[in-house]
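Chain order of the listed sequences is E and X.
Mapping of the first sequence onto this note's numbering: position 7 corresponds to residue 7, and the numbering continues sequentially without gaps.
Mapping of the second sequence onto this note's numbering: position 553 corresponds to residue 871, and the numbering continues sequentially without gaps.
Hint data in this document are derived by calculation from the structure and do not stem from the laboratory.
Incorrect hints may appear among the rest.
Claimed, not checked - Residues from chain X that face chain E, not an exhaustive set, calculated with beta carbons under 7 Å:
1. H389
2. T402
3. A404
4. R417
5. R420
6. L426
7. G432
8. L435
9. T436
10. A446
11. A448
12. Y473
13. H475
14. S665
15. L767
Every residue gets a Cβ at the ideal spot worked out from N, C-alpha and C, and that includes glycine.
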Amino acid sequence: MLAFLARRVSAAVGTLFLSSVLVFLAVQALPGDVAGQILGKDATPDAVAALRGRLGLDRPAWERYADWMGGALHGDFGTSLVSQRPVGGEVAAHLANSALIAGVTVLFAVTGSIVLGVIAGLYRDRWPDHLISTVSLVGMSVPEFVVATVLVLCFSIALPWFPAVVLYGPDASVGQLLPAVWLPALALAVVMAAYIVRMARTSVIDVMAGEYVTTARLKGLSSWRVVTRHALPSALLPTLHVIALNVAWLVGGVAVVENVFNYPGIGKLMLSSVQNRDLPVIQAVALVSAVVYTVCNLAADLGAMALNPKLRTRGRTR
Amino acid sequence: MTSTVPAAPPADRATAPVVAVRALSVAYRAGGRDIPVAHEVSFEVAPGRTLALVGESGSGKSTVAATLLGHLRHGSRITGGSVTVAGSDVFALTARQLRRLRGSTVALVAQNAGHALTPTMRIGRQIAEAGGDVPVTELLDQVRLPRPAELARRYPHELSGGQQQRVAIAMAIAARPKVLVLDEPTTGLDVVTQRSVLDLVGALRDELGLAAVLVSHDLGVVAHTADEVTVLRAGRVVESAPTRRLFAAPRDPYTRRLLASVPRLDDTGLARVGEDGEREVRPRSAVPADAPVAVTARDVTIDYGTTRAVHGVSFDVRRGEVLALVGESGSGKSTLAWTLAGLRTPSGGTLTHPAGDLARPARSRPRALRSRVQLVFQNADTSLNPRRSVGDAIRHPLRLFGTAATRAEAADRARILIGDVRLDPALADRLPAQLSGGQRQRIGIARALAGRPDVLIADEITTALDVSVQADVLRLLDDLRRERDLACLFISHDLAVVRGIADRVVVLRHGVVVEEGPTEAVFAAPGHPYTRQLMAAALEPDPDARPRAGGTPDSVPGWRDAATPDDVWTDHGDGHRVRRWHPETEAPHETAAATAEETEGAA
Numbered sequence: 001m002l003a004f005l006a007r008r009v010s011a012a013v014g015t016l017f018l019s020s021v022l023v024f025l026a027v028q029a030l031p032g033d034v035a036g037q038i039l040g041k042d043a044t045p046d047a048v049a050a051l052r053g054r055l056g057l058d059r060p061a062w063e064r065y066a067d068w069m070g071g072a073l074h075g076d077f078g079t080s081l082v083s084q085r086p087v088g089g090e091v092a093a094h095l096a097n098s099a100l101i102a103g104v105t106v107l108f109a110v111t112g113s114i115v116l117g118v119i120a121g122l123y124r125d126r127w128p129d130h131l132i133s134t135v136s137l138v139g140m141s142v143p144e145f146v147v148a149t150v151l152v153l154c155f156s157i158a159l160p161w162f163p164a165v166v167l168y169g170p171d172a173s174v175g176q177l178l179p180a181v182w183l184p185a186l187a188l189a190v191v192m193a194a195y196i197v198r199m200a201r202t203s204v205i206d207v208m209a210g211e212y213v214t215t216a217r218l219k220g221l222s223s224w225r226v227v228t229r230h231a232l233p234s235a236l237l238p239t240l241h242v243i244a245l246n247v248a249w250l251v252g253g254v255a256v257v258e259n260v261f262n263y264p265g266i267g268k269l270m271l272s273s274v275q276n277r278d279l280p281v282i283q284a285v286a287l288v289s290a291v292v293y294t295v296c297n298l299a300a301d302l303g304a305m306a307l308n309p310k311l312r313t314r315g316r317t318r
Numbered sequence: 319m320t321s322t323v324p325a326a327p328p329a330d331r332a333t334a335p336v337v338a339v340r341a342l343s344v345a346y347r348a349g350g351r352d353i354p355v356a357h358e359v360s361f362e363v364a365p366g367r368t369l370a371l372v373g374e375s376g377s378g379k380s381t382v383a384a385t386l387l388g389h390l391r392h393g394s395r396i397t398g399g400s401v402t403v404a405g406s407d408v409f410a411l412t413a414r415q416l417r418r419l420r421g422s423t424v425a426l427v428a429q430n431a432g433h434a435l436t437p438t439m440r441i442g443r444q445i446a447e448a449g450g451d452v453p454v455t456e457l458l459d460q461v462r463l464p465r466p467a468e469l470a471r472r473y474p475h476e477l478s479g480g481q482q483q484r485v486a487i488a489m490a491i492a493a494r495p496k497v498l499v500l501d502e503p504t505t506g507l508d509v510v511t512q513r514s515v516l517d518l519v520g521a522l523r524d525e526l527g528l529a530a531v532l533v534s535h536d537l538g539v540v541a542h543t544a545d546e547v548t549v550l551r552a553g554r555v556v557e558s559a560p561t562r563r564l565f566a567a568p569r570d571p572y573t574r575r576l577l578a579s580v581p582r583l584d585d586t587g588l589a590r591v592g593e594d595g596e597r598e599v600r601p602r603s604a605v606p607a608d609a610p611v612a613v614t615a616r617d618v619t620i621d622y623g624t625t626r627a628v629h630g631v632s633f634d635v636r637r638g639e640v641l642a643l644v645g646e647s648g649s650g651k652s653t654l655a656w657t658l659a660g661l662r663t664p665s666g667g668t669l670t671h672p673a674g675d676l677a678r679p680a681r682s683r684p685r686a687l688r689s690r691v692q693l694v695f696q697n698a699d700t701s702l703n704p705r706r707s708v709g710d711a712i713r714h715p716l717r718l719f720g721t722a723a724t725r726a727e728a729a730d731r732a733r734i735l736i737g738d739v740r741l742d743p744a745l746a747d748r749l750p751a752q753l754s755g756g757q758r759q760r761i762g763i764a765r766a767l768a769g770r771p772d773v774l775i776a777d778e779i780t781t782a783l784d785v786s787v788q789a790d791v792l793r794l795l796d797d798l799r800r801e802r803d804l805a806c807l808f809i810s811h812d813l814a815v816v817r818g819i820a821d822r823v824v825v826l827r828h829g830v831v832v833e834e835g836p837t838e839a840v841f842a843a844p845g846h847p848y849t850r851q852l853m854a855a856a857l858e859p860d861p862d863a864r865p866r867a868g869g870t871p872d873s874v875p876g877w878r879d880a881a882t883p884d885d886v887w888t889d890h891g892d893g894h895r896v897r898r899w900h901p902e903t904e905a906p907h908e909t910a911a912a913t914a915e916e917t918e919g920a921a
């Protein structure tokens, strides 16, 4: 078990290292002059040279990578070229805001869609299944900006319950942001629920057809006990990784939805930094996304270990 | 140990049947029609008695047995008759009453305990959940599992197959039911484990006064365990009789054919069964003394990671000869077969064929060599691509090995090969799912023959087949090796099958050869205690079967290995040799069997 843990964690660290290299290469080491790119084609050669000096572009790539990574490991991602403030703080503020949306979405969408998926699986081919499957499919096929716009139309314009856009900057407090969280969270939930619902439904159907579930039924157990004790732990296993990817997708920047609501999250930061060619910010945001994805997958692996005794007891002396 | 065939019951036995099935008909709906699964099936079981439902696949035996628990497969329904268990009409009960019936009156031991136990729950909790007041450790002790307290904390995957089946039995008797339904309880277990599980079931039945309903296709198991037998065919009762009467004088021709199809430990060849169940044993044809050797294995060792599965095994297979590898699961016999086929690489020793080195994986063998060593899989259902016609499956190796130059020629050759395995060439256009199990296995053989091999590896090829189909497939294999002069490596755990088809036998235990020799010699005078134990555990379709040369399982003495590197064998002449061993007096059989299961579980 410890060996399994160690292997997973070291794989995660390796993944992060590789993605940091890729991020760095993509942004800094591509052909063409970065300083020229940033300043645009009307820049004077002097200005370009000055920027190159400031960015340290005259040094070899690996040296710049080592500097960047060394800083990043201490939370120092450099200075934003636009706001001239430390990138780390800026990213952290936006990340916290995104995490707020993600937290709310996960809390409701993930639990909700697991419950719906399990219900659909248990009532396979009967009306609850048809209803849940159809609605979740519709949610999956409509683009998120459409969902978001429709929600704004309904719940902030027709029925003025929630603010249509956020009027605060990235440093807004949780209390200020909270009223604005619900509509984006709902839009995201509609989009991501379908995947989890379908996955949960399929694996519940598989497991419920299994011999051990029949055996449990024929032991005279109640349906509730059969489902919760015998079927669910195995049925949730394949769903875990779908959930992990969805959560990572949420935290790692849902740019479109954040833009519709003008929500100061990490996705919005990514978009504006790309528009402004703010390289240190782009790099930091990309790296943070990679970290979020890796951590979510690691969490799913650990969750799988908790649900699957075959993984847990591996290597136990018998 | 208690005999599991009890003496005839007292004549004045006043016990009313606890199970009564009357004119039961079951059908399922498919394509808008009712398809009958069982038709007017009737039987009764009294407390303390065992009734066996016997039949081949599709006979409806499992469906009928499941109705005792009020269970029907999705889409099935009762179209007539009734099932009464302990005085209640099972299909008239409310859901709540049915649950109580299942919890306390009837219990099921399912076919495959490995699939029937919930993988995410500890064994102790699964047993406790089944209700009853008996402590879990006492139940585990009752099914003769060692160290119950520790075992209760384990998960199903940490046990061996035999231990899992014992746990399933403990779960079934937890609430002290009146009726036990056993659905093929030992299929998939080794002979030795099977024997001990059956003895356990018999002892518990006597101890707790249970009525048992045993579903089985294995007539040896039935003869050993049941008091009465009901033979089913296509959902109808063909014959119902006390076990002794049925095996001694079967009345229905189908029962006679079924009984005659079962290979016997004393058959000296393969039996051909006539329409009315008459048996004619075809003697084995002698392998010529100068037959060339097709495969030579010398000191082959095979490792799985750090575990050694096969320890220095040597043998020769000659053209026209069937060499059987015999042993329990975990003995390394399938590992050897797969290595010979090139699916694994040995870690030591040599494995050669006149056309080249077989110690290399299939992908790096020259094509000429690859086509000459072919494998037939145990399970034809899963080894054929369900989306390609069987003709395609045979054409593919024809083209791959270049034995057919053109598309048309390949199609022709495929049809000829299908004819060679005694099937209608018109079947070439069918998909595997449209064929029966026996037909699929024949296609598997035809596919292996496509490369014109001289070595054929048959890995438990009849295990999944019904007994009458098994007889046909064995005969086909025997014909083919005569016609084509094939060297055949036959892997099996069924000693009676081996006796009929093999010229020579190699007995493997934990990856070590303990005995080898000509089939006749080994069966007439098994020299190693392990071989004797295997033979004693094999069940014959005869309730009065006398102990064989090996004796009863209890009479096999404890032993320990006494081979030294320079002195491995005791030679009995004519190639019959036995690995050296010493009697060990203080190890009684019971513990020996338990330890054997233990080690299997840890493997």
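query: What hints, given by number in increasing order, does this structure fail?
result: 2, 3, 7, 10, 14, 15
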